[in-house]
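S.K.: Mind docking chain B on chain A? Use the hints.
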Amino acid sequence: MMITLRGVTKTFETPAGSFAALRGIDLDIKSGEFVAVVGKSGSGKSTLLNMIAGLDKPSTGIVSVAGAALGDLGHDGLATWRGRNVGVVFQFFQLLPTLTALENVMLPMDFSGAIPASRREARAQELLQRVGVADQAAKLPATLSGGQQQRVAIARALANDPPLLVADEPTGNLDSQTSAEIFALFAELVADGKTLVVVTHERETVSGAGRTLTLADGCVA
Amino acid sequence: MKLAPRWAKAFADIVARPGRSLLVILAMTAGLFEMGAMLTKYTILHRELSVTYARTHPASAILVTDAVDDRLVEAVRHLPGIKDAEARPVVAARVRVSPDEWSPAALFVVPDFDRQRLDVFAHDLGAWPPKPGQVLIERSSLSVARALVGDSLTFHARENGDTPLEIAGTVHAAGLAPGWMDHVVIGFVGADSPLAGAAQAQLRIAVSDRPFERRHIREVAGQVAAWLGERGHPVTRITVPEPGRHPHAAQMDTFTYLIGAFGVLSFLLGVMLVATMIHGLLVEQVREIGIMKAIGATTRQVAGIYLAEVALLAAASLVLAIPLGWAVGQGYAKFAASILNAEITDTSVPWWVYALEVAVGLLVPLLVSLVPVGRASRITAREAMSGPSSHPQAAPGFAILARISRPLLWSLRTTLTHRVRLALTVTTLALGGAVFMSAINVGKAYDRAVDRDFATRRYDIAVGFARPQPLAAIAAALATVPGVERAECWPEGTGSLGADGLGAAQLAVVGPDPGSPLLALALAEGRWLRRDDVRAAVINRAVQALDSTLQVGHPIQLLVNGRTVSWPIVGVVQEMSPHLAVYAPPQAVLEATGQSQGLARSVRVATRSRDAAAELAVARDLQRTFERFGIEVTGMQRMLDMRQAILDHLLIIKTILAAAAILVVLVGGLALALTLTLAVIQRTRELGILSAIGAPPRTLAFHVWIESVLIGLVSWAAAVILAIPVSAVLEFVCGQMFFRMSLGFYVSPAAAAIWLGLVVVLATVSSLAPARRAARLTTREALAYE
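Residue numbers (this note's numbering), protein chains in the order written: chain A, 1 to 221; chain B, 222 to 1007.
The following block holds chain A by itself, in its conformation from the complex (with noise of 0.2 Å):
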């Protein structure tokens, strides 16, 4: 199994008093799986992913991904374990504004040290070849256009070639075309082998998912 999650809650503490967001979640997502989860804003969509990349803990419950327990890793120890494990998209992109497009992807193969250093420029062009934008490599993200920018994003979820890819509404600032073609690519992903979990309000472009799920008020409906 992929992701096992048991018992998961996950309350936070605002100005305003607790608010739990995830209200004991039980998950089993196999490895190669590509899963949709989708609800109303504020439903915890965001924040179960959060737990599943190992970007936030639970408050109560077992979270195990790629064979770790993330309740035994610390803030470090995640970040290790992520940057070998799981490859992250965001809605905004996220790129580095100051880094070239091939900076930004190599930029976890830096981090993770996972791929040799003298192998990671070639790595960096082939991953951007692979999802369309080898011709932008040189560019800072600013003068890409939103497709543009979330390919080079998802090249650089791939770089250090983890099993496991998170995507959080990465299609929620593109034009349905563009939407279009990059779950496309996440497809091809899957294809490949790569756990694919993405969260997303739009029902109609997850149709490729194997498997759907719906949060409402924090627990699986």
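Treat the hints loosely; a few may be bogus.
Said to hold, decoys possible - For each label pair, taking beta carbons as the anchor points, the in silico distance ranges come out as: (1) Ile945/B / Asp72/A: 51 to 57 Å; (2) Val540/B / Ala16/A: 50 to 56 Å; (3) Ser41/A / Ile945/B: 55 to 61 Å.
Claimed, not checked - A few chain A residues that don't get close to chain B, going by computed Cβ distances all over 10 Å: (4) Ile62; (5) Ser112; (6) Glu126; (7) Ala157.
To be verified - Residues from chain B that keep clear of chain A, each with C-beta distances beyond 10 Å, as calculated: (8) Pro226; (9) Pro415; (10) Thr601; (11) Asp734; (12) Thr770; (13) Glu853.
For the record, the hints were derived by calculation from the structure and aren't laboratory data. In this text, a Cβ means the ideal position worked out from N, Cα and C, and glycines have one as well.
M.R.: Same frame as chain A, but now just chain B:
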């Protein structure tokens, strides 16, 4: 080789925001440049003054006797313990600087200008050596003589009357205190000068061993004095200058201390500025830190990127700060040297100064950054990417502000809720304000101490006569001068410390009327003289500093006019003047000096009007009147001149204080401007929201200005408090170093008021660019800002 992406990011971040990077580099440069300038000044001055002074081959001791000829000097050179000897008689004279105005003069009689051995001086301009009717003037005293090369000066020496001498040129005597500072004309004449006969015979010696050991010098000088005495040349006085110390070493010490103290304070200011800037930079980078964390960066890797960024910025600041510090430092060293009558021939700076600048310039920003970088790097990916990591803390006490206008309340809330930024800016500005106010406070404390000291001498003019004059004759002359309010004649003479008179220092022995209203010196210990005292002495701090056993209750032994006297010390007075003075009952001084009761060699005069012009008029009147009465005047000292001489000695100290104050204003202004710019950048989205809901650009700009002024006012209050201990320490140490007395604690209300005005001006000027930025932001730009 391609740079790894994380290091490429460090570099790219700097290049991508040139304006902000330049501001950080400027902040770092400000602190480092000041440190570099201070170190450059110090090392150049310290080395060059020592070298300049050593090149003059300063005499270890000066012996005053009746006559010294070449044969005697040659014989002294071969005495044990003597390295060298030279005769250098001195004429104590006056020089006419305007029709009725005279200044004191010292003319050194030089046997051979081209074969000087001790206290060497160098040719500067004009002729060399002077002909019999000529004089060479020490270049620093030309202004005192109010004359130029080629002019004729009238000198008046006891027994010689008026003697005109042509100024044939100037010399540079680096071992002497500058004439303009001591208000004395220093000249050099040949042995064939018409004034040479009026000279007092002086023999200068240099010891061969332990040249910096004062006790040893005294012993050797004593042996030479005994040797001279055996050959019929009694030594009446021995002077041992402080070995290896320039006459103005105390000024240098104080100057160096102030350079160091203000250097450290300025450097701290720079460090605070850097801390503020780093904090601002990191606040902007939170989201990017989150992204890096999300893609696998550890805390250490993230911290490494930002520390590398800081190191790159610090390296860039070094490129600016080192040459700038050197240029300003060596320029100031030359200026200070000119004030001290020294010459800078080598402006090189030791390698360790540059090494220290590089080490400090790189390490301090890194050390200062450790905490904020560490804190920022530890933030989790989720925290970083979900916006500001912490909700602004609620500002306290808003209930009481309910009646304040909405924009002002909003500005107050904004200012108080960003507490880290507020604390850093306020601390930086408060430190700057404290330095600024302390600089003014120390300067004012010096002025007040001088005023206080001169207020204890309630006479305005001291007149010295060539020969003892009958008291009745003096009184008769004074009675014809309408500007004279009161005059007193006190017996006085000179003496040497110790029963053998070889105490190495010449002291003034003065017998004032114990009840005189003309003298009310400030007592440090014990009591002042009483009318019923027969044998008693009050010494000043300068005398006490010669010998630690000179305490109230202990005796002081003096050799006066060949007689040994011993008086119990009943009091110690504080006097700013470095001159050594012992005050004793008039009768005791008369007996010690052997002077007659009905005669006087001097008179102290209080004028009716105490303004400068009136005093000068009375002095001129006195000069003419005494001449008319056939009383030859050899010295006329106005207290205002003495006061000015002391103030002139403080000039170099005040330039340091002024330089510190100006630098602080510049650095403080920079700090506020940088902080406000960052504050506006950080609140771009907030300003956009306000604009979207209808706030006009003018309101946004006003908001920025109000915040700036509020920060300035809070920092001002903190600066006023901080300036109190800083000023107290500086005033105490400076007073002890320069005058051997405390300057007296003083905090200038004017300084606080000036800083308040400056803070408001700085706040206004600093807020101009950020306010313009805020006002020009379009709503769309502001809301889209990430």
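S.K.: Evaluate each hint against the coordinates.
M.R.: Each hint, compared with the structure:
| no. | hint | in the structure |
| --- | --- | --- |
| 1 | Ile945/B / Asp72/A: 51 to 57 Å | holds, 56 Å |
| 2 | Val540/B / Ala16/A: 50 to 56 Å | holds, 51 Å |
| 3 | Ser41/A / Ile945/B: 55 to 61 Å | holds, 58 Å |
| 4 | Ile62 | holds, 19 Å |
| 5 | Ser112 | violated, 5 Å |
| 6 | Glu126 | holds, 16 Å |
| 7 | Ala157 | violated, 8 Å |
| 8 | Pro226 | violated, 4 Å |
| 9 | Pro415 | holds, 84 Å |
| 10 | Thr601 | violated, 6 Å |
| 11 | Asp734 | holds, 82 Å |
| 12 | Thr770 | holds, 70 Å |
| 13 | Glu853 | holds, 87 Å |
Against the hints set out earlier in the document, violations occur for numbers 5, 7, 8 and 10.
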